[in-house]
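J.: Chain by chain, the residues:
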Amino acid sequence: MMFLRSLVSALALALAIAVPAAPAFAQGPLRIEITEGVIEPLPFAIPQFLPESSEASKLAADITRVIAADLQGTGLFREIPADAHISRITSFDAPVSYPDWKAINAQALVTGAVSVSGDGRVNVKFRLFDVYSNGPLGEGLQMGGSQGSWRRLAHKVADQVYARITGEGGYFDSRVVFVSEDGPKNNRQKRLAIMDYDGAGVQYLTDSSSIVLAPRFSPTGDRVLYTSYATGFPEIYMMRVGDVRQQKLTDQQGAMTFAPRFGPDGATIVYSEARGGNTDIFTKQIGGRAQQLTNTPAIETAPSYAPDGSQIVFESDRSGTQQLYIMSARGGEARRISFGEGRYGTPVWSPRGDLIAFTKQNQGRFHIGVMRTDGSEERLLTASFLDEGPSWAPNGRVIMFTRQSAGAGGQPALYSVDITGRNLKRVPTPGPASDPAWSPLLP
Amino acid sequence: MAHLVIKAVLLVGALAVSACTNPDKYGSGSNGYDGSGANGGAGAGGIVPGSANDPTSASYFQTAVGDRVLFPVDQSSLTAEARATLDSQAAWLATNTAYNATVEGHADEQGTREYNLALGARRANAAQEYLISRGVAGSRLKSVTYGKERPLEVCSDETCYAKNRRAVTLLQAGLGS
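Top to bottom, those sequences are chains A and B. Under the working numbering, think of the first position of the first sequence as 1, with each following residue one higher. Under the working numbering, think of the first position of the second sequence as 1001, with each following residue one higher.
Chain A with its partners taken away, still in its complex shape (with noise of 0.2 Å):
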């Protein structure tokens, strides 16, 4: 459905000309490390992407804002407004004039076309300029897809831009599941919705019959696992994104099970199952049996795998209070990690294997936080009323959560944060909304 084609050919010829040491750009000034200091952040243009014909016009000025927005959205850029610029950009391939973008503070400059084919498919095109060093950064790209996927061809283009200034890994080309929450307090209802990672495109896959709890997705983003009370007990589900097929996968009288996450393979999930009042954790192929993998009197639950699949952290109150434990995937002895003040749960890997974010408790109020995976460097996020759940960002760069007001008109809303804890921000969505769940980078 979509396709991302390098224009090496096209701009072979420009990039010889504009470009005499092009290696130099890999390494030069218009970078963003993303450190813990206090960064300014980098300003940038993004003239109106230019219409390649008339049915055009609107989706190229939506494009290039949803760009803008993504970038922006970072904390990490700061828009130059179009009013600002002295410049015009007349033509995709017309020379850029590098004087009149410094003469504004643009440190980075993205240039854009859009067109619509005969068959109704967009073709976004981009360039992205270091201004400072008079040339491109990167090769020109160009994306296509259907009409309805003008947000996603403009995510890609902003996943390109922030991956080639921060030499990080994008993140806008994503979607959310979440529970989308209405009523009050004491009778809330619940439904599994599905949006893209800025709120747009909200979609519900649920009707709230039943309470449905922490969804999570497949390392595709094709399926997703949740916890519903379809039954009248907690189990666990699995749905296809697609279609909205669900299948349940536990099928064991007198047992609860919950908190389902999907192992690296896809194939593999690991689960909590409340026997007898005590919970441990187990895993399955789907559709296999199970295997438990901890086997104490204590509450085990809140698995989640390392990237690899080789460990599992989760959570366990066998020291007294929760804690956060780390152990083979296929279960024995288990390390604790959390020896912070308060209690430590709902620990999720990050993507990039080297954090754990989770939730922390301590007197009466609640944080977001990371931790290395020895649980050294340990970094509270957030803090306030009652914050839970964190879910990465593909890129391990940033944490969405659930944030819930106080008080008996409270209300859960999603928030996100970077792991520096700057940009901390509301993600919109159209009423309550509790237990995000991040998907990978779409293909």
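Everything labelled a hint here was simulated from the structure, so no lab data went into it. Here the structure is a predicted model, which means the values were calculated and not measured. Even glycine gets a Cβ: it sits at the ideal position worked out from N, Cα and C. Mixed in with the good hints, there may be bad ones.
Far from chain A, some chain B residues (derived; all Cβ distances over 12 Å) [what the hints assert, rightly or not]: (1) N1053; (2) Y1060; (3) T1063; (4) V1065; (5) L1070; (6) T1079; (7) A1084; (8) A1091; (9) T1095; (10) T1097; (11) A1118; (12) A1121; (13) R1150.
With a cut-off of at most 30 Å between alpha-carbon atoms, the simulated BS3-like pairs for lysine-lysine come out as follows [as the list claims (entries may be wrong)]: (14) A:K102 <-> A:K58; (15) A:K284 <-> B:K1142; (16) A:K248 <-> A:K284; (17) B:K1148 <-> A:K284; (18) B:K1148 <-> A:K425; (19) B:K1163 <-> B:K1148; (20) A:K425 <-> A:K58; (21) B:K1148 <-> A:K248; (22) B:K1163 <-> B:K1142; (23) B:K1142 <-> A:K248.
Following the hints, position chain B against chain A.
T.: Chain B in isolation, oriented as in the chain A frame:
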């Protein structure tokens, strides 16, 4: 949804009572309820079958016996008060054998969602096991956890939290007995 269940139970309970002519089976001797009076309905001593002053009714169980026990913060062990309530529940269930029950475990909002599901399961199980230890047949009891999904009280302080940390014994009309 819970309301619907209770209404259905009340109806069945009322039918069961009026069809019964054996007062002992429903414990009328000990609690002063005259089983034959059920035929007379409200006219006989003001007892309306199925209402809260009908000792064989689910609403009587809810209000007079006490259908719930409360727990301290992050605990699932039963307090002396909870055990006393469960003793009464067990005695009531021993005489009102037409009912089965589901014990629902709940947590307050001070906790993560999945931990609270596990905690609710512990609480429901603690109440269920205690009822069994007091002679209620295990086959008549089920348990389910709602974690923090179904609070009774909505404020965000201890007065509400204390009421939300609960195990509720919800009656269902059984098939047997």
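J.: Looking at the structure, which of the earlier hints fail to hold?
T.: 11, 12 and 13
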